[in-house]
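Work out the full structure, taking the sequences as your base and the hints as a guide.
Next come the chains, spelled out residue by residue.
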Amino acid sequence: MTDEAKRWRNVAVTAVCALATLVAVDQALRLVAPLKPLLEIDEAMEQYERGDPTVLVLGSSHARSFVVLGRQLAERTGGAERLQPVPVEWGKYTPYLWTLEHRIAPVLEQTAADGRLVRPSLKRVIFVTEWWDSTTLDIGNGLLTMALPARAWQWKDFWADVFENNLTSFNQNFLQRVWRGLWPWSVLVQDRGHENVAGAIRDALKRPDAAAKQAVYDARIAEWQKMIEGGVDRICDAEQMAALDRIVGYFTGRGLEVTMLLYPRKPGTLTDKAKATTLARFSLRMKAYADAHGLRFVDQTSQNPLTDADFADDFDHVLPDGNERWARWALDGALAFLTKGVAR
Amino acid sequence: MDRSATRQLLIDWLDDNYHFGEAETLIPSDDASFLDNGVLDSLGFVALIVYLEDRFRITIDRKSLNRENFDSLNKILAYVEAREGAAR
Amino acid sequence: MSLAGLEMVFFLPLALAAYWLGPRRAGWQNAVLALASVIFYLSWNPRLLAVLVAAILASYGAGAWLGALPTEGLPEAEAGVVRRRRRRVLTLALVAQLGLLGVFKYAGFFADSLNALLGAVGIDGALPILRLALPLGISYTTLVQVGYLLEVYWERAPACRDPLAYGVFVGFFPQLLAGPIVRARAMLPQYLVPRRLAADDVAAGAAALLLGFTMKAFVADWLSPRVVDPVFAHPATFATRTLWVGLLGYATQLFSDFAGYSLMALGTGRLFGLALPENFRHPFLSKSLAELWRRWHISLNTWLFDYLFAPLTTGRSWFRGRTGAGFLVVFLVSGLWHGATWTFVLWGLAHGVALAGHHAYDGFYKGLCRKDRAWVARRKSRGYGLASWVVTQLFFVLTLVPFRAPSLAAAVDFGKGLVGLGGSGRLAERFGLQAAAITLFFVAYHLLEVGPGPRWLQRFRDLPAAVRGVAYGLVVAFLMVYTPLGASTFIYAQF
Numbered sequence: 001m002t003d004e005a006k007r008w009r010n011v012a013v014t015a016v017c018a019l020a021t022l023v024a025v026d027q028a029l030r031l032v033a034p035l036k037p038l039l040e041i042d043e044a045m046e047q048y049e050r051g052d053p054t055v056l057v058l059g060s061s062h063a064r065s066f067v068v069l070g071r072q073l074a075e076r077t078g079g080a081e082r083l084q085p086v087p088v089e090w091g092k093y094t095p096y097l098w099t100l101e102h103r104i105a106p107v108l109e110q111t112a113a114d115g116r117l118v119r120p121s122l123k124r125v126i127f128v129t130e131w132w133d134s135t136t137l138d139i140g141n142g143l144l145t146m147a148l149p150a151r152a153w154q155w156k157d158f159w160a161d162v163f164e165n166n167l168t169s170f171n172q173n174f175l176q177r178v179w180r181g182l183w184p185w186s187v188l189v190q191d192r193g194h195e196n197v198a199g200a201i202r203d204a205l206k207r208p209d210a211a212a213k214q215a216v217y218d219a220r221i222a223e224w225q226k227m228i229e230g231g232v233d234r235i236c237d238a239e240q241m242a243a244l245d246r247i248v249g250y251f252t253g254r255g256l257e258v259t260m261l262l263y264p265r266k267p268g269t270l271t272d273k274a275k276a277t278t279l280a281r282f283s284l285r286m287k288a289y290a291d292a293h294g295l296r297f298v299d300q301t302s303q304n305p306l307t308d309a310d311f312a313d314d315f316d317h318v319l320p321d322g323n324e325r326w327a328r329w330a331l332d333g334a335l336a337f338l339t340k341g342v343a344r
Numbered sequence: 001m002d003r004s005a006t007r008q009l010l011i012d013w014l015d016d017n018y019h020f021g022e023a024e025t026l027i028p029s030d031d032a033s034f035l036d037n038g039v040l041d042s043l044g045f046v047a048l049i050v051y052l053e054d055r056f057r058i059t060i061d062r063k064s065l066n067r068e069n070f071d072s073l074n075k076i077l078a079y080v081e082a083r084e085g086a087a088r
Numbered sequence: 001m002s003l004a005g006l007e008m009v010f011f012l013p014l015a016l017a018a019y020w021l022g023p024r025r026a027g028w029q030n031a032v033l034a035l036a037s038v039i040f041y042l043s044w045n046p047r048l049l050a051v052l053v054a055a056i057l058a059s060y061g062a063g064a065w066l067g068a069l070p071t072e073g074l075p076e077a078e079a080g081v082v083r084r085r086r087r088r089v090l091t092l093a094l095v096a097q098l099g100l101l102g103v104f105k106y107a108g109f110f111a112d113s114l115n116a117l118l119g120a121v122g123i124d125g126a127l128p129i130l131r132l133a134l135p136l137g138i139s140y141t142t143l144v145q146v147g148y149l150l151e152v153y154w155e156r157a158p159a160c161r162d163p164l165a166y167g168v169f170v171g172f173f174p175q176l177l178a179g180p181i182v183r184a185r186a187m188l189p190q191y192l193v194p195r196r197l198a199a200d201d202v203a204a205g206a207a208a209l210l211l212g213f214t215m216k217a218f219v220a221d222w223l224s225p226r227v228v229d230p231v232f233a234h235p236a237t238f239a240t241r242t243l244w245v246g247l248l249g250y251a252t253q254l255f256s257d258f259a260g261y262s263l264m265a266l267g268t269g270r271l272f273g274l275a276l277p278e279n280f281r282h283p284f285l286s287k288s289l290a291e292l293w294r295r296w297h298i299s300l301n302t303w304l305f306d307y308l309f310a311p312l313t314t315g316r317s318w319f320r321g322r323t324g325a326g327f328l329v330v331f332l333v334s335g336l337w338h339g340a341t342w343t344f345v346l347w348g349l350a351h352g353v354a355l356a357g358h359h360a361y362d363g364f365y366k367g368l369c370r371k372d373r374a375w376v377a378r379r380k381s382r383g384y385g386l387a388s389w390v391v392t393q394l395f396f397v398l399t400l401v402p403f404r405a406p407s408l409a410a411a412v413d414f415g416k417g418l419v420g421l422g423g424s425g426r427l428a429e430r431f432g433l434q435a436a437a438i439t440l441f442f443v444a445y446h447l448l449e450v451g452p453g454p455r456w457l458q459r460f461r462d463l464p465a466a467v468r469g470v471a472y473g474l475v476v477a478f479l480m481v482y483t484p485l486g487a488s489t490f491i492y493a494q495f
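Protein chains in written order, with my numbering: chain A, 1 to 344; chain B, 1 to 88; chain C, 1 to 495.
Be a bit skeptical, because a hint or two may be false.
[Stated by the list, open to error] Mimicking SDA-like on lysine to any residue, the simulated pairs with C-alpha atoms at most 25 angstroms apart in a straight line are:
hint, chain 1, residue 1, chain 2, residue 2
1, C, K366, B, W13
2, A, K206, C, A435
3, B, K63, C, R161
4, A, K206, A, Q190
5, A, K275, A, D316
6, A, K6, C, Y19
7, A, K287, A, F297
Hints were generated in silico from the structure; no laboratory data involved.
As structure tokens, then:
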């Protein structure tokens, strides 16, 4: 073997071993920070295209709870009712509108050669929201750019935005998403931006002091309480409400039965003051809105069977067991109408 | 001026300004690189140019103002000889 | 787009594939690099690409013109005429290049300063302030082109006859944001021949990219928002110890950011089979200011040395032999090059004065050595070396105050705080494992250069490839867990 060939062999061996080590460490990290595969818009739309659902659920990451509810609904109706959640991570009405117009509508409206709808089964829409959705995108020092429509984008949308605005932190989120999508099995790649692995390693190496953990927990609860209380003057931002109008108008215009559902919040984060101000005001406004537009209104913000223990560490999302209980309760109660047909 | 005298002048200059008697020990051969053997840094090189021009009454044109042309005893001697010859 | 950004995982493989899988011809390879560099440039400011292209065409044309006016072999009378013509071409070309830089970078500064001066004597708003967006990397590309023009003028390098090769020589994308400032004699010949991919290129390139990325994304990007920015934003409120931590943190951040990016540029170049010049050589090990400037931002300082200092101090002007004055001029220019503000000028002046002072001290010490050889041994002693190192590094770090401070007033506040005349605030963040890891890395990086360090490094390099591979895999895994996501804007790109 020539010297150069030997050198190439060395490079190859080094590279292969480096990659093998990286993958091994990556998979070993599953033990401390297991992957939590989450439904995203791409997969949701693929499911929609294949499944021709009867119920569409549009909302933020909270819409993912409806994966469980959809399964229970299918069981209860022998498959007659098919529910498809479309979760738009990070929420807010303008991103929902973008997703509706660019991803959902083309699939919903797709017609065959004879002019008939390819997917005619859709009868109902559940619009999942909470007070935060209606506040402005402007976070004080710029717009919230965490994955918003970029998560719903396709390559053509990315190029169009780059052409117009050049590479920005907003459209770079799309590249983050594509990159993550290439490695769904990798804990290290999926963790970027969440930093759960670093925390999990720290906890695994050092048994955390229970008192210290409680102190951190209490501090975070206080933060959330303050945030919710502080939202009272920020709800129902004009731009967001205008987007909501267009979303609701689109669905009602197609003759679909629309339900507005206010998603459960972690009980410990809701002070009496918040319930009396931010949440009450939002509930009243949305009820009035629903009544004015002929929508069904379901407020599950604090009226739900969930306890603090049912919520994940992020205080925002519900754990699997909690989702099961909540779904059963909802289908027995406020969402029981889903198990019955709709007069068309 | 003959080569060995010029050579001695250079060694004396290096000793007087940089190495204080140890210049010869730093230069293993007359072809040894000044840069690689730590004989002269870039500032020293500039000082050398001024010294050569003043002492030997030659002009070092910009084209030749390259460290490579002056990076060993032999190279310096060759350059000085050539310019002295040209001046005559 | 930045070499440390996520878009590189898409951009670089495509560029490398087109480069190496296409025809093995210099023209094709240069065309790929040119296209990649245009895309890179467009991702920053599309409208100003025309400025760079115009500058490149102008300097290429001037170089070709000079190449068509040789003086070799001509009788003296004719040579004199040609020389005068060459000087006119050079002057025109330099005015164009430096004029462009001056307008974009300094017009606002000079107008501001002049207005301030006139305002002090009662004449207000005399000059309109021209504030233009800075074309990407104009400070770097201008120096590359000026260097080329001077080399061709002094007939040390032939004029380039390949406009595409020349364009890539000036605008190669890894060197666009922050150098290194390349030289015609070392780089142009590389672009004029087809490049082959050697195993060493891949190995060295990947290693440089990994090390550079670690320095930039793991060290610099962690320090910046937690330690440096808060302290420099409100220096008057922080305690002395905190200010010192912030200042040392800034020195670490500045070095890691810049040296890291330079390493990534070098590594990227190697992957294309190109050898870009080294830009940093462990400057924090320097025992004198002169040595530091030979180890920090090497490409800029050798440029200033070769094209400003050496001609100035070996020419026939007043500056001939006047090393101290030469330092003052060079560092004033360096200060201005870094930025169009008075804090940078102050910084440059400080270094020029210190270097001139050290040169004078050096002359004095040499006098002592001539009289008594014992002084030579003293200078070579460990104590002297340690003292020199401390003084050098302290000076360098202290001059970073005006370098980084947003204004002269803030710099003064910071300086006051450093000697105990400031506030009492501390940083909010509690620093744990990550700070320790960064410190360990930084210390190890320097220790591997001194004493037994190089031997350990060689022992690592002699380990079997598989073992080294495992080590690299672990490093990458570590980085993926602990580097902050989203690199901050690269510091030296503002130049």
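Here's how the hints hold up against the structure:
1. Restraint check for K366 (chain C) and W13 (chain B): the C-alpha separation of about 13 angstroms stays at or below 25 angstroms, so the hint holds.
2. For a cut-off of 25 angstroms, the pair hint linking K206 (chain A) to A435 (chain C) stands: about 18 angstroms separates their Cα positions.
3. Between K63 (chain B) and R161 (chain C), the direct Cα distance comes to roughly 20 angstroms. Compliance with the 25 angstroms bound is thereby established for this hinted pair.
4. A distance of roughly 24 angstroms separates the Cα atoms of K206 (chain A) and Q190 (chain A); the hinted pair therefore holds under the 25 angstroms criterion.
5. Distance hint between K275 (chain A) and D316 (chain A) is fulfilled; the C-alpha atoms sit about 17 angstroms from each other, no more than 25 angstroms.
6. For a cut-off of 25 angstroms, the pair hint linking K6 (chain A) to Y19 (chain C) stands: about 24 angstroms separates their Cα positions.
7. About 6 angstroms separates the Cα atoms of K287 (chain A) and F297 (chain A), which keeps this hinted pair within 25 angstroms; it holds.
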